[in-house]
Amino acid sequence: MNQNIIETIVFLVTFIALVTGFIFLFSSKTSNLPMVKTFKESTTIRVTTSVVSILLAWISPFVSLKVLLFIVSFILLISIFPFKIKKASSIIAIIVILFVILSISALLLAPFLFMTNLSIINSNTKSTDGTDGIEINLPGIHIKVPQNYLFEEKTSTKNNDIEINMPALHIKVPQESFFDNNISKDKILPDSTVNIESISTINIKIPSQDVELELVENDNTLAYPSHLIQKTEKDIMHLQATFSGNNTYVIQIGTQTLKKLNIDCNSLTIIGNGSLKNLNINSTKTKINANIQIENNININSTGFDLNGKLKGKNLNLNTTGSNIKGELDFDKIILDATGVNIDIKSKFNNFNINATSLNGTLEILNALDETGKFYIDTTGGSLKIINKNNAPIDIKNSGIINLIRE
0 MNQNIIETIV FLVTFIALVT GFIFLFSSKT SNLPMVKTFK ESTTIRVTTS
50 VVSILLAWIS PFVSLKVLLF IVSFILLISI FPFKIKKASS IIAIIVILFV
100 ILSISALLLA PFLFMTNLSI INSNTKSTDG TDGIEINLPG IHIKVPQNYL
150 FEEKTSTKNN DIEINMPALH IKVPQESFFD NNISKDKILP DSTVNIESIS
200 TINIKIPSQD VELELVENDN TLAYPSHLIQ KTEKDIMHLQ ATFSGNNTYV
250 IQIGTQTLKK LNIDCNSLTI IGNGSLKNLN INSTKTKINA NIQIENNINI
300 NSTGFDLNGK LKGKNLNLNT TGSNIKGELD FDKIILDATG VNIDIKSKFN
350 NFNINATSLN GTLEILNALD ETGKFYIDTT GGSLKIINKN NAPIDIKNSG
400 IINLIRE
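For the record, in the sequence shown the residue sitting at position 382 is 381 according to numbering that gives the first Met the number 0, with numbers rising by one throughout.
Simulated from the structure, these hints should not be mistaken for laboratory data. All C-beta atoms, glycine included, are put in the ideal place defined by N, C-alpha and C. Hints may contain errors.
[Unchecked claim] Quick list of simulated restraints, FRET-style, between CB atoms:
hint	residue 1	residue 2	range
1	Q255	D343	31 to 37 Å
2	N352	T192	39 to 45 Å
3	T379	I270	24 to 30 Å
4	N390	S207	23 to 29 Å
5	Q229	Q255	15 to 21 Å
6	E232	T192	35 to 41 Å
[As the list claims (entries may be wrong)] Distance condition first, Cα-Cα at most 20 Å in a straight line; then the derived SDA-like pairs of lysine to any residue:
hint	residue 1	residue 2
7	K233	T192
8	K373	P392
9	K325	G271
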């Protein structure tokens, strides 16, 4: 049975029992009964009953029942004092005033009870039904708001309706009332293809949504979802979204002929193997699990950057807030500008510059014995192990505070 219904039933049963008891005490037909008469005349019994009420209120799990029992114990304590009949009206007035004060106090405590019963469930704490979100529990009221209404994330297969439970009342608001169900929240797979052999530049511009890009070797075809607008101007092709949303568009690009590829999106994942002429990325998050060979330059501007693969070209310009780089970098010039950098890379370079607040990890230099290079570090903290098995003539300079371990 729902916890709120249980609380309501217990409260009503207790209230009816107390009202019945007061009727027995003051009714002319029952007031002369021995048991009732003893209760009225015995101060000890009333004090004992008041103490029992306080104890029951203390152990009660329901706030509404606590308030009711405390009021009863207060009235019983007041009743042990002798009052004259002529002062009865004054006593009644005092009791009414005290009851009003208690009621106002309960209202003032409502925000405190609201905050103490508010539980925010994150990815590490699951609710009873396994979903994330916010649950608000008040006496007699339960409100549940799924996480996907609070943060932008993919819609799961779990129940994401908003539920409001009160005694004898259940409100369930389907998520379709808030979102258009025709707009998928899942990956949108490619269902259209076009030949790109004569195309020199591909621009993918979907600023507020995600892209999963697969590079395909020995192919000159672009496969993309028909949800995207595709237009071609001479040898330049554009892909744009028809509407805003929270989707992931899966795109496949053949790399048999070299292309310039420009991508502007919210989150980008690149997989596969391929060759390009130039690669420019502007995104909030970039993840590359691929082997990419670039004829000229790679420029990446991304808040978060993760690499697990191999990049090769002339120049690599990486501007991020946080970077996790694992794999191989082979460039003439590498510029890495970031706040925090974790690396585990093998690299061949002529010029390698790292400007970071914190730098940690391992760099294995692949330059041959006769290949010179310059490695410059500007960081305020961290530890970097440098491995130079070929004893290549690398000029290493650093500024700031960093622990360099050379092998």
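Going through the hints against the structure:
| no. | hint | verdict |
| --- | --- | --- |
| 1 | Q255 - D343: 31 to 37 Å | holds, 32 Å |
| 2 | N352 - T192: 39 to 45 Å | holds, 41 Å |
| 3 | T379 - I270: 24 to 30 Å | violated, 35 Å |
| 4 | N390 - S207: 23 to 29 Å | violated, 50 Å |
| 5 | Q229 - Q255: 15 to 21 Å | holds, 19 Å |
| 6 | E232 - T192: 35 to 41 Å | violated, 19 Å |
| 7 | K233 - T192 | holds, 18 Å |
| 8 | K373 - P392 | holds, 9 Å |
| 9 | K325 - G271 | holds, 16 Å |
The structure shown violates the earlier hints numbered 3, 4, 6.
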